[in-house]
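Novice: Using the hints, position chain Y against chain G.
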Amino acid sequence: MKLSYYPGCSLEGTALDYDQSVRELCAHLGVELVDIPDWNCCGASSAHMTDHEVGMRLPMRNLLQAADSGHDILVPCAACFQRLRAADRAMRDDPGHWDIAGASHLPEFEIVHISTFLARPEILEKIKEKVSRTLSGLSVACYYGCLSLRHPHVTGAPDHEMPVNLERIVEAIGAVPVNWSHRTECCSGSLTMTRPDIAGKLVGDIATAAKRGGATAMVTDCPMCQANVESRQLDLGGEDDLPVFFATELIVAAIDGRYSKKQQKVHLVSPAVVSHCFDSTATEDSV
Amino acid sequence: MNNSTISPESRNQKFLNKLKEREINVQACYQCGRCSAGCPIGEFFDMNVMEVVRLAAYGMEEPLLKSHTIWLCAACETCATRCPNDIEIAGLMDVLREIALRKGIAPAEPKVPLFHKAFLSSISHWGRAYEIGMIAGYKINTRDLFSDMKLGLNMFLKGRLKLTPHSIKGKADVRQIFSGQGKEYDR
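Protein chains in written order, with this note's numbering: chain G, 1 to 287; chain Y, 1 to 187.
This is chain G alone, in the form it adopts within the complex (with noise of 0.2 Å):
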């Protein structure tokens, strides 16, 4: 299967290991990723709120530049996906308005984001297959936050108040999704360094609930609700602080049966609770 391939500005910065992840689990899919060549970042939230054309525009010419392959367009960021979906309506929806060439005939591509892909039956079973050490036990707070479900209009989440997909993910690699409340609420993560305190606030909430629902953990497949939910929470000052995974780490993880220093290093937050799922020797006490 060959799919084209957004990574997005941030994939290439903060997290760079979660496009790392992205690109080994599509290998050990039989999944061939094909970049979309010259890509330009899609504006994220900076733009559409502050300037509609650039909004829009931005991420149009991504998907001009993936028309030639016509192959579904693989996103792995949330605010990626988002962007990338609204200005593929905009422009099919209204061609003539955006007098651009090309806007009038876009071959009939999907723009999918990595959960709603890698939740599908048969990838799930794939992955099933090559899990060669599970995450047994371990218990994760599936934490999807904002622009992979919201707008359902622009993303077209069927499930956008109650998703499924992390927890189907998480599932297939042995981890115990929590029952918890704050699954799809907003982290703030644009506000994150110019209202510190009003993502610190949200975070915390966020965490505590995590926590409450019983996990140690939380999985997410945006990159900047990982960043934000680890960083803002250690600005709270309290103890227990959760580390928060991509889930196509974890599935890395689960299928190679080790879990590489190098990506613990780049955690925040102590991922020791995933590298005891590795550790032989480990025992409950250990924890």
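Misleading hints may appear alongside valid ones.
BS3-like cross-link-like pairs, simulated, lysine-lysine; straight-line CA separation at most 25 Å [as the list claims (entries may be wrong)]:
1. K117(Y) x K261(G)
2. K211(G) x K265(G)
3. K150(Y) x K265(G)
4. K117(Y) x K162(Y)
5. K201(G) x K111(Y)
Honestly, the hints are just simulated from the structure, not real lab data.
Specialist: Chain Y only, in chain G's frame:
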């Protein structure tokens, strides 16, 4: 009626037309309050989401453009997703921020638009976001050099901040987008 604050005569038709053009039907609001109830940042707002929609329906853009709310909204889309009348409330916030910037109205949360500006200037320059450059630009513009130094250093030591920007080939396309493409007929 002319003496009241809210009057049909004082409605800003240009603002209402802009909303119509973007298919944001603020007139459909019957004030059920689901938008305000679900807003994750509502407790920090000076004007709740439902008030924003109502004032917009009256064409009362002035208090909206001066509000903290429009800059603190994180565009999480919870309000618009839950609106029983399908009002694109997050899109309304986008329109308000854009008008406020174009009118040069002093933002109630000055750091927020400065952050967006630093982010967009990085994209317009390289075609992709360059985190270190963007953060430096933001910090210089806000004269807030020292907040989050520890976090920045930590991210850097963990290899999560890339030192050099990635420059795309199609910079001319990006430059054209930032030059106001699509806005030729706006004024």
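Novice: Confirm or reject each hint.
Specialist: Hints, one by one, checked against the model:
1. K117(Y) x K261(G): violated (37 Å)
2. K211(G) x K265(G): holds (23 Å)
3. K150(Y) x K265(G): Status holds; Cα separation ~17 Å.
4. K117(Y) x K162(Y): Answer holds: K117(Y) to K162(Y) is near 20 Å, not above 25 Å.
5. K201(G) x K111(Y): Answer holds: K201(G) to K111(Y) is near 19 Å, not above 25 Å.
Violated hint: 1 only; the structure is consistent with all others.
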